[in-house]
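Engineer: Each chain, written out:
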Amino acid sequence: MIRLRRRTLEVRETRLAWVLMTPTLALLAVMALGPLVATIWESLFSHDLRLPWLGRTYIGLGNYTEAASDARFRQALAHTVGFTVTTVAIEFVLGLLLALMLDALLRFRGLARVLVLLPWALPTVVAALIWRLMFADQGAPAAGLLDRIVAGSSRVDWLAGPQSAWVPIVLAEVWKTTPFMALLLLAGLQGIDRTLDEAARLDGASALQRFRHITLPLLKPAILVALIFRTLDALRVFDLVFVLTGGGPGTSTEVISMYAFTSLLQNLRFGYGSALSVIVFVIGFSLALGYVRMLEPVREAR
Amino acid sequence: MRSSRTRPATLSHLCWFPLTALAVCALACGPAPEVLTFSGSVLGVEGAIVRRQIERFAMLHPELPVDVRATPDSADARHQLYVQWLNAWSPQPDVLQLDVIWTPEFAAAGWILPLDQFAPDTDDFFPATIAANRWQGRLFAMPWLVDVGMLYWRTDLLSKPPATFDELTTSVRSQLSRGTVSQGLVWQGARYEGLVCVFLEYLTAFGGQILDDDGAVVVDSPEAVRALTSMRQSIADGVVPRSVLTWQEEQTRFAFQNGNALFLRNWPYAASLMNEKDAVVRNRFAVASMPSSGGRPAAALGGAQLAINARSRHAASAWRLIEYLTAPAQLIERAHATGQFPARPSLYAADMLADALPVPPDDARRIIDKAIPRPVTPVYTELSGELQIHLHRALTDQERPDEALTVAASQLRSILRRARLDGGRH
Amino acid sequence: MTALIKRVAMTALLVLWALPLCWMVLASLRPESALYDTTATATAGFGVDHYRALFAERRFWQPMLNSIVVASCTTLLALVVAVPCAYAMARLQFRGKRALMAVVLAISTFPQVSIVPSLFLILRSLGLIDTIPGLVLPYLTFATPLAVWLMAGFFRELPADLEEAARLDGASRLRAAVEVALPLAAPAVATTAILTFLYAWNEFLFALSFTVSPDRQTVPVAIALLQGRYQVPWGQILAAAVTASVPVAVVVLAFQRRIVKGLTTGAVKG
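Residue numbers (the numbering used here), protein chains in the order written: chain V, 13 to 314; chain A, 126 to 551; chain W, 51 to 320.
Derived by calculation from the structure, the hints in this document are not laboratory data. Every residue, glycine too, gets a C-beta built ideally from N, C-alpha and C. Possibly wrong hints are sitting among the right ones.
[Unchecked claim] Straight-line Cα separation of at most 25 Å, SDA-like style, residue types lysine to any residue; simulated pairs:
{"id": "1", "chain 1": "W", "residue 1": "Lys147", "chain 2": "W", "residue 2": "Met60"}
{"id": "2", "chain 1": "W", "residue 1": "Lys147", "chain 2": "V", "residue 2": "Arg15"}
{"id": "3", "chain 1": "A", "residue 1": "Lys402", "chain 2": "A", "residue 2": "Ala173"}
{"id": "4", "chain 1": "W", "residue 1": "Lys147", "chain 2": "V", "residue 2": "Ile204"}
{"id": "5", "chain 1": "W", "residue 1": "Lys56", "chain 2": "W", "residue 2": "Gln306"}
{"id": "6", "chain 1": "V", "residue 1": "Lys232", "chain 2": "V", "residue 2": "Thr77"}
{"id": "7", "chain 1": "V", "residue 1": "Lys232", "chain 2": "V", "residue 2": "Val97"}
{"id": "8", "chain 1": "V", "residue 1": "Lys232", "chain 2": "W", "residue 2": "Leu232"}
{"id": "9", "chain 1": "A", "residue 1": "Lys495", "chain 2": "A", "residue 2": "Arg263"}
{"id": "10", "chain 1": "A", "residue 1": "Lys495", "chain 2": "A", "residue 2": "Gln242"}
{"id": "11", "chain 1": "W", "residue 1": "Lys56", "chain 2": "V", "residue 2": "Val304"}
{"id": "12", "chain 1": "A", "residue 1": "Lys495", "chain 2": "A", "residue 2": "Asp249"}
{"id": "13", "chain 1": "A", "residue 1": "Lys402", "chain 2": "A", "residue 2": "Asp249"}
{"id": "14", "chain 1": "W", "residue 1": "Lys147", "chain 2": "V", "residue 2": "Val186"}
{"id": "15", "chain 1": "V", "residue 1": "Lys232", "chain 2": "W", "residue 2": "Arg206"}
{"id": "16", "chain 1": "W", "residue 1": "Lys147", "chain 2": "V", "residue 2": "Phe241"}
{"id": "17", "chain 1": "W", "residue 1": "Lys147", "chain 2": "W", "residue 2": "Asp211"}
{"id": "18", "chain 1": "A", "residue 1": "Lys495", "chain 2": "A", "residue 2": "Ala173"}
{"id": "19", "chain 1": "A", "residue 1": "Lys495", "chain 2": "A", "residue 2": "Glu348"}
{"id": "20", "chain 1": "A", "residue 1": "Lys402", "chain 2": "A", "residue 2": "Ser417"}
{"id": "21", "chain 1": "W", "residue 1": "Lys311", "chain 2": "V", "residue 2": "Trp178"}
{"id": "22", "chain 1": "W", "residue 1": "Lys147", "chain 2": "V", "residue 2": "Met113"}
{"id": "23", "chain 1": "W", "residue 1": "Lys147", "chain 2": "V", "residue 2": "Trp30"}
{"id": "24", "chain 1": "W", "residue 1": "Lys147", "chain 2": "V", "residue 2": "Glu22"}
{"id": "25", "chain 1": "W", "residue 1": "Lys311", "chain 2": "V", "residue 2": "Leu236"}
{"id": "26", "chain 1": "W", "residue 1": "Lys147", "chain 2": "V", "residue 2": "Thr34"}
{"id": "27", "chain 1": "W", "residue 1": "Lys311", "chain 2": "V", "residue 2": "Asp205"}
{"id": "28", "chain 1": "A", "residue 1": "Lys495", "chain 2": "A", "residue 2": "Asp339"}
{"id": "29", "chain 1": "W", "residue 1": "Lys311", "chain 2": "V", "residue 2": "Ser298"}
{"id": "30", "chain 1": "A", "residue 1": "Lys495", "chain 2": "A", "residue 2": "Ser355"}
{"id": "31", "chain 1": "W", "residue 1": "Lys311", "chain 2": "V", "residue 2": "Val31"}
{"id": "32", "chain 1": "W", "residue 1": "Lys147", "chain 2": "V", "residue 2": "Leu28"}
[Stated by the list, open to error] Ranges between beta-carbon positions, derived for each pair:
{"id": "33", "chain 1": "W", "residue 1": "Ala149", "chain 2": "V", "residue 2": "Ala90", "range": "55 to 65 Å"}
{"id": "34", "chain 1": "A", "residue 1": "Asp201", "chain 2": "V", "residue 2": "Ala90", "range": "36 to 46 Å"}
{"id": "35", "chain 1": "V", "residue 1": "Gly67", "chain 2": "A", "residue 2": "Ser397", "range": "43 to 53 Å"}
{"id": "36", "chain 1": "A", "residue 1": "Arg545", "chain 2": "V", "residue 2": "Ala172", "range": "37 to 47 Å"}
{"id": "37", "chain 1": "W", "residue 1": "Ala152", "chain 2": "V", "residue 2": "Glu25", "range": "17 to 27 Å"}
{"id": "38", "chain 1": "A", "residue 1": "Gly363", "chain 2": "V", "residue 2": "Gly67", "range": "48 to 58 Å"}
{"id": "39", "chain 1": "A", "residue 1": "Asn383", "chain 2": "V", "residue 2": "Ala90", "range": "22 to 32 Å"}
{"id": "40", "chain 1": "A", "residue 1": "Arg525", "chain 2": "V", "residue 2": "Pro261", "range": "25 to 35 Å"}
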């Protein structure tokens, strides 16, 4: 009798759960999973919207083999990976510093919080435009300042050089998202038990030793979470590059999301562009899986 | 106890929330207003005159308000915007101002309406312009304004324009040795669309073609090689300064306008600017068609045409606007305001354009009669891209002219083959 | 001593971070020719010409309105759909819960560009390109998982005793949820609403891909596409940037504690 009652309750709970979840699941199935599958399907076709008389022909993995031999794609991939590694590394170090400082700060916490949140909350487009203007030409603030530091390193037009154009991009990204990194790390810091640290200090351990052997290991889960978010976001970067340099000069700052977008909505090669998007997805997804797997044992240990 | 009193409140809140959300969203999507939209060059002097004409049209046809939508002046940016709008099946703008090379592309993609249903009077327009706007036998855009490549020459130093390239070279050499000018002939040699126009003029002058009448690629013919070699040789000989290889229209204009160059190849717009007060060559220049050398003299065809969006909801009204803007009265008014050449030959004969154009109407007419369109094919942009690369490499001595054209020709053939346009007739 | 160094370093870092923002506001008030003049005390006038041109000539209020409508609709609908789902995932027991949760979270890791092609073709055939619903629907794709994640984190932290008490009184699970948990969730709902609104306000790629006419653009797209005839109108662009940032700044100033709490609780619990 009691067992039957418990079963009924379980069934009722399950049913309620599904009722509550159905709108969300249906929405996501239709607006996210469906289109993703459709894009994967589309990537198996040759479909050029500018040449409708060619129709839509099945070519299997033809688009993917084209991408593999496409120099522009390989270049975009290299750009994206380089950008991700650089910005995540810088943001991690700066973010950790910022988090440590915010942790120690007692007064002006509100002001600090606002100053730190504003760049993060701004539209990426705005951040990109500010930094673009600061490097826009020789008279611009950032360009002028840098010119004075790296004294007269010929009047560089930052945005016109294939390598130098990356400088404002990286700076803008770091400026905008380090706050987010700092916040995540700060939350992790504030979750650490202080007594261990106190005990070590009384024992005579230096600040650096305490940091390396106590703080850092305990911070690991928060660090991993922050790294996952930032890496995935950096791989998918689009807004910032589109507005700051448009992928230019030429294609020297083009990232893979931009190349996919250009193929799709400018060259109207929907089949090929879909294949490029799928590749972006696969890369991001595998990384996310990898990170999660790294996170699991750590969370189990907690 | 507490739950029964708060129950009505929370439940009613719950019910209203999603309903309000949906209502707000529903209100937010209003129906699109019924208006005829024109899109094209609407900045500066051109903008002022086209707006005035459209306003008059709106007064004559009050049943539908007309709106003007601005587009960037840069051809590439405008092209990109059009592609985006038309590919999204947007019903607006209804009337689009197109560059002459976009018509076959948009026509083949099904983005603009064939105009034969409106029975346009094609006889009163320059044949080259009508031919450039036909795709697979049907007319897809009405010619509006004509641009042609012209040879500007110094009337104070020469008595008549050269008829052949040899004559041109001789004039240049003699003037250079006398020191009256520092440069001979300047044209647009940077790696962009302008270079293809210049090449087309040389090509036709030597009797060659890019695509023959059946649509096959013939840009690797002996005539073409001779034309490209001539271009390259003239740079090597100093008849054409080496700096042209990075120049576009404006740089070449300055070179002639400041009195440095003896000859200039450019579009008509430059003439109005050269008639201004501080120009060194004011009243000291005239225009003619480019010389020839075994073929026929040619002027690359550019200019603006008007087309109707295939998904426009007001096709008939759109046609009326096009008819109005391309009517003789409006074309003459526009010529007076902007100096742009009308697309109707009859206007040149009747002396109505007397002071309107920056050059004598007879000269203009003679040059336009020699106009030659660039290859009329939907994949022209890609073809041009490939051709530009190899033409420029040949001119900068990175490839021999015959090699460059052979490679270019095979690239062009594979582009046409991939687009299944290699057997096409139009 | 080290405390002082830390304080100085902190201040320096914060000032450095705030500099670009201050410069943006100052520069938007200067005439085009003096744009790069970093000496704020220069007498060459400050003026609101750029703002006037922005609103009078370029009708910048149109994109502002579009953004407000789209962001509001997205937020409302996302909450309506996500709150029940989050409750179910946090509180209720059923098979496949972990898998479903993982799927919902996984969706927020999709690169946006990977669903653009099919969404474009679908929206185009439904005639929804260039419309408000045509933007709200794609936005929900990413706004909903975000909202679910935030609310689930909150519900998990909420102690279950009050609901238990209500159920012992005879209320059904659903009624307990609605009458007890939901009112308590109000602050978390507010936080989620703020973060969702911010996301929708700042979104760029979908707006760029799914709107084509100038009067349907949202603020980020309108700013990015502000082009002049031959030169880039930097003054007006800065004015537009400041205008676009004002709502964001207001929200951040008013709700900074909430925002931080929302971001960090969800993240750490993962």
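Engineer: For each hint, tell me whether it holds in the structure or not.
Structural biologist: Against the structure, the hints:
1. W/Lys147 <-> W/Met60: Violated - the C-alpha atoms of W/Met60 and W/Lys147 are around 44 Å apart, more than 25 Å.
2. W/Lys147 <-> V/Arg15: holds (23 Å)
3. A/Lys402 <-> A/Ala173: holds (23 Å)
4. W/Lys147 <-> V/Ile204: Not satisfied, since the Cα-Cα distance of roughly 30 Å exceeds 25 Å.
5. W/Lys56 <-> W/Gln306: At roughly 23 Å apart (the allowed maximum being 25 Å), W/Gln306 and W/Lys56 satisfy the hint.
6. V/Lys232 <-> V/Thr77: violated (40 Å)
7. V/Lys232 <-> V/Val97: holds (19 Å)
8. V/Lys232 <-> W/Leu232: Outside the cut-off at roughly 34 Å; violated.
9. A/Lys495 <-> A/Arg263: Measuring from Cα to Cα gives roughly 23 Å; hence the hint holds.
10. A/Lys495 <-> A/Gln242: violated (29 Å)
11. W/Lys56 <-> V/Val304: violated (35 Å)
12. A/Lys495 <-> A/Asp249: With Cα atoms ~17 Å apart, A/Lys495 and A/Asp249 stay inside 25 Å; holds.
13. A/Lys402 <-> A/Asp249: violated (36 Å)
14. W/Lys147 <-> V/Val186: At roughly 37 Å apart (the allowed maximum being 25 Å), V/Val186 and W/Lys147 break the hint.
15. V/Lys232 <-> W/Arg206: Roughly 23 Å between the alpha carbons, so the hint for V/Lys232 and W/Arg206 holds.
16. W/Lys147 <-> V/Phe241: Roughly 23 Å separates the two Cα atoms, so the pair holds.
17. W/Lys147 <-> W/Asp211: holds (22 Å)
18. A/Lys495 <-> A/Ala173: violated (31 Å)
19. A/Lys495 <-> A/Glu348: holds (19 Å)
20. A/Lys402 <-> A/Ser417: Not OK: A/Lys402 and A/Ser417 at ~33 Å, beyond 25 Å, violated.
21. W/Lys311 <-> V/Trp178: violated (34 Å)
22. W/Lys147 <-> V/Met113: Roughly 39 Å separates the two Cα atoms, so the pair is violated.
23. W/Lys147 <-> V/Trp30: This hinted pair holds, its Cα atoms lying about 10 Å apart.
24. W/Lys147 <-> V/Glu22: With Cα atoms ~14 Å apart, W/Lys147 and V/Glu22 stay inside 25 Å; holds.
25. W/Lys311 <-> V/Leu236: holds (19 Å)
26. W/Lys147 <-> V/Thr34: Roughly 13 Å separates the two Cα atoms, so the pair holds.
27. W/Lys311 <-> V/Asp205: holds (19 Å)
28. A/Lys495 <-> A/Asp339: holds (21 Å)
29. W/Lys311 <-> V/Ser298: violated (29 Å)
30. A/Lys495 <-> A/Ser355: holds (21 Å)
31. W/Lys311 <-> V/Val31: Distance ~29 Å between W/Lys311 and V/Val31 Cα, so the pair is violated.
32. W/Lys147 <-> V/Leu28: Answer holds: W/Lys147 to V/Leu28 is near 13 Å, not above 25 Å.
33. W/Ala149 <-> V/Ala90: 55 to 65 Å: Since the Cβ atoms of W/Ala149 and V/Ala90 sit about 36 Å apart, the hinted range of 55 to 65 Å is violated.
34. A/Asp201 <-> V/Ala90: 36 to 46 Å: violated (27 Å)
35. V/Gly67 <-> A/Ser397: 43 to 53 Å: holds (48 Å)
36. A/Arg545 <-> V/Ala172: 37 to 47 Å: holds (40 Å)
37. W/Ala152 <-> V/Glu25: 17 to 27 Å: holds (21 Å)
38. A/Gly363 <-> V/Gly67: 48 to 58 Å: holds (53 Å)
39. A/Asn383 <-> V/Ala90: 22 to 32 Å: This hint is violated: roughly 46 Å between Cβ atoms.
40. A/Arg525 <-> V/Pro261: 25 to 35 Å: holds (30 Å)
Against the hints set out earlier in the document, violations occur for numbers 1, 4, 6, 8, 10, 11, 13, 14, 18, 20, 21, 22, 29, 31, 33, 34, 39.
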